[in-house]
Amino acid sequence: MKVYFKRAFDDILANVFLTAITVGTIALAILIACAFALFFVNAGHMLNAWEKGVRMMVYLKPHTSEAARLDTRYRLTRIDGVKKVVFVSRQEALARLKQQMPGRAGLLDDLRENPLPDAFEVTVVPGSQAEAVIELIARRISSLPGVDDVEYGKRWLRRFAQLINLFRLAGFAVGGLLFMAAVFIVANTVRLVLYSRREEIEIMRLVGATDRFIKIPFYLEGTILGAVGAVIGLAVLFAGYWTFVSRLQQELGDGAKLIGFFSPSVCLAIVAAGMLVGWLGCLISLKQFMKA
Amino acid sequence: MPPREDRENQALIRLFHVSKRYGAKAALSDITIDFEKGEFAFITGPSGAGKTTLLKLLYLGEALTEGQILVDGMNLARINRRTVPMLRRKFGIVFQDYKLIASMTVFRNIALVLEAQGKRPRLVAKKVRSLLRNVGMEDRENALPPSLSGGEQQRVAIARAMAGEPRIILADEPTGSLDPEAADAIFELLKDFHARGGTVIIATHDRSLIRKAAHRVVHLKQGRCVAIEGN
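If you read the sequences in order, they're chains A and B. Here the first sequence stands for residues 305 to 596, where the numbers follow the working numbering. Here the second sequence stands for residues 238 to 468, where the numbers follow the working numbering.
Excised from the complex, chain A in its bound form:
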């Protein structure tokens, strides 16, 4: 095996230009595909986090009696998919509002009458977060007597989910195309190397070298270049991610910390994918070349 590795490294050093093109291509493909993937992973996390915390604000009609309120509460707890029902009195709501608007709390102090209605904060059971289920729950709640309005930011949720799905599809298509393009570019690069060394390969065959002996260094070379390309692509992506998150942190503070990078195991899987690209490129070229 040492002999094969030595030949592979000798080849890499002897064909610096072709090596650079191959590594660059794999790095670029990995960078673009992983940038898409990173976006989806983070968008997915955000969507999940948001969905997990789906809370509906159920506003009650003004001047609802205590008995009617208790009845509504009972009915809310009986609806499938509802996990928790917490009463938020209009006073409590105003206090919360003041807390959320620390700079402008004075404005609220000037109010002669509390304009906020009594409400229930309804938390949905995990697993009932599908958009259709949430909508159904919301419709049922709306139909209850004493309920004035139900609010849960459904439009935003729907649009975000649709956008993510659209990007996810586009991402799979672009990722697939990039993977294939990288494989074929590596295949062509290996073909160029093979063509430039056809005489050498022919001599090897004449002195009794097996196809395996000839091919293994090329496979090693392709796999090594794939790994190097993937590491470079990931490094560039990480640098981009770091810059983006640092800037976002200045704008949003700790909220930016929610945007994460790939875990070490995913990074390893990406490097393995780069190696696969290199290996497949070699496989395609060698199959054609060795038949000739």
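For the record, the hints were derived by calculation from the structure and aren't laboratory data. Model, not experiment: these values are computed from the prediction. Each residue gets a CB set at the ideal place from its N, CA and C atoms; glycine is no exception. A portion of the hints provided could be inaccurate.
[Claimed, not checked] Derived CB-CB ranges, DEER-like:
#1 B/Leu-381 x A/Gly-564: 52 to 62 angstroms
#2 A/Leu-317 x B/Glu-375: 22 to 32 angstroms
#3 A/Leu-317 x B/Ala-432: 39 to 49 angstroms
[To be verified] Within a straight-line C-alpha distance of at most 25 angstroms, the following computed DMTMM-like cross-link-like pairs (lysine to aspartate or glutamate) qualify:
#4 B/Lys-274 x B/Asp-443
#5 B/Lys-336 x A/Asp-315
#6 B/Lys-356 x A/Asp-314
#7 B/Lys-364 x A/Asp-515
#8 B/Lys-356 x A/Glu-506
Once you've looked at the hints, dock chain B against the given chain A.
Structure of chain B alone, referenced to chain A:
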């Protein structure tokens, strides 16, 4: 000359009615010859007689069109692709144009044969140096082939041909582009191999080379075997 039956029993290479055609053009027609173990034979004839083609058929550098070739018990008409390297390891091949890999040092060119056979690196180094000593090239192991003279390159090619300890050396015009002194040195190396029990088959049109030794000479003309001289 031993009786025909004995020759057949000792035959290392046997050709039966072998023909090779390139399209409509016949390069070899109906060749039937045996080469014995330990034989030193010449194949001669004018340019285009089919000498090189005959050698190529033996190591499957070309596929034969008709007939049968047996090499050390292997039937070349039935051999599969995976067995071809095993067949080629029976031969050490010396080419007129040396066919050394220009980007590899003299040492690496010879080592390649041993590495291809799966020999251990330490053994490879020892063997290569011993071969280079035998051909008088021990001080040029790090040189690249293009920096060597024709005679030196051919000596390296012979060292490479002998590296895998083949049973047979096939040499195609081994002295064709060398001066008489260098040609003599190459011929001596081939005689040494023969003296140690190896089989040597040389394709040449150089009559002076043939005159240097009394061996069997196969005459080809326009792809046909027209005469076989010698014992």
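Exercise. What hints, given by number in increasing order, does this structure fail?
Worked result: Nothing - there is no hint that the structure violates, so all of them hold.
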